[in-house]
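Enquirer: Using the sequences provided together with the hints, build the complete structure.
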Amino acid sequence: MWFNEHNLRTFNTVSQFRMLQIKASAGVAIADVTIDVCVTENSVSHPSLAGDLQSLCGVSSSIGQLLGFGMSGVLVHRIGPQVTNWVNVDIGSRFRVLVSQKYLDAIKTMVTALKTPDVWRPCLYMYLSLALGVSIHEGMYYWYTDAKSGPSFSQEVIGSIFSVDAVRSLLGVLLYQNVFRNHPFHSVLFWTQLLYGASSLLDLVLVLRLNLKFGLPDYIFVVMDELVSKMIGRLKWMPLLVISSKLCPSGIEDTFFSLLISIDHVGILTSSWAGSILLHALNVTRTQFDNLWVSTLIRSLARILPIRLLFLVL
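The working numbering puts the first residue of the sequence shown at 1, with every later residue one more than the last.
Bear in mind the hints are in silico, worked out from the structure with no lab data behind them.
Be careful, since some hints might not be right.
DEER-style ranges, computed between Cβ atoms [unchecked claim]:
{"no.": "1", "residue 1": "Thr112", "residue 2": "Ala147", "range": "13 to 23 Å"}
{"no.": "2", "residue 1": "Val111", "residue 2": "His265", "range": "17 to 27 Å"}
{"no.": "3", "residue 1": "Val111", "residue 2": "Tyr219", "range": "18 to 28 Å"}
{"no.": "4", "residue 1": "Arg209", "residue 2": "Ser154", "range": "11 to 21 Å"}
Ideal Cβ positions, reconstructed from N, Cα and C, are used throughout, including at glycine.
Expert: Put into structure tokens, the structure is as follows:
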């Protein structure tokens, strides 16, 4: 949830602000995990429709985000940005709540399932493929706003660039549904992982300012970069969701699917840590960007490495 300084002054303590954030995120997560459980149960009972169900969820989520952005614009115009901040919810914040009446039995079943090679091998691949993503988003953000080395974007411009995430996700879902859905998982994962690594090289072109030599303005190139990279990222995520839904043992679909998604989020968190360590090792700071291009190159190479791990999902 996003608030400005004016909003923060309305809270007596920081703990109240944090509690409100937790409540808002928990509300989104409860609805989210409920939908995931329904999708997983139907995927188990109708395996042939697993890809269609995940595509439907992806399209619905993207359309919902588009409507949310549209409503935010109307609210900002009607009642002002300060009041609107109270109703804006960060869609990316997700908490997984594991609830089961038969907790111990569910734990035993999960442990038994995770000992099976057909389960732990895909889980390991999902974690490593996300962990090797190596996020250097923080370094790129400061470079975007730097007047000397970067394009000197304002925060409003950066916000407008990232506000079209829903469009990029929608394109990725539609591409998966219409082109890749009926292809073998191994083939889909291979090409999406390869494209994921290759698309991240666009940041290298931007950091080296090569786009200007071809007459492409920074803003246009960044929008194209974000569009391609996020679309491919969503395309890469779709088969992982399908695999997750198919791995769930009968009777504990909700708990086990939440565990699998938690593993995925640990992978995303690991990629953020790896990116932070990489930026620190290369001495990339808020004002120092000499080695930023090196970090983008290393990140691109790291994102291709999971291709060598595809044997885990065969």
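Enquirer: Would you mind marking each hint as holding or not holding in the structure?
Expert: Evaluation of the provided hints:
Roughly 58 Å separates the CB atoms of Thr112 and Ala147, a value that falls outside the hinted 13 to 23 Å. Between Val111 and His265 the Cβ separation comes to about 20 Å, which falls inside the hinted range of 17 to 27 Å. Separation of Val111 from Tyr219 is about 51 Å and departs from the stated range, judged on CB atoms against 18 to 28 Å. The given range of 11 to 21 Å is respected by Arg209 and Ser154, whose C-beta atoms sit roughly 19 Å from each other.
The structure fails hints 1 and 3 (numbered hints given earlier, in ascending order).
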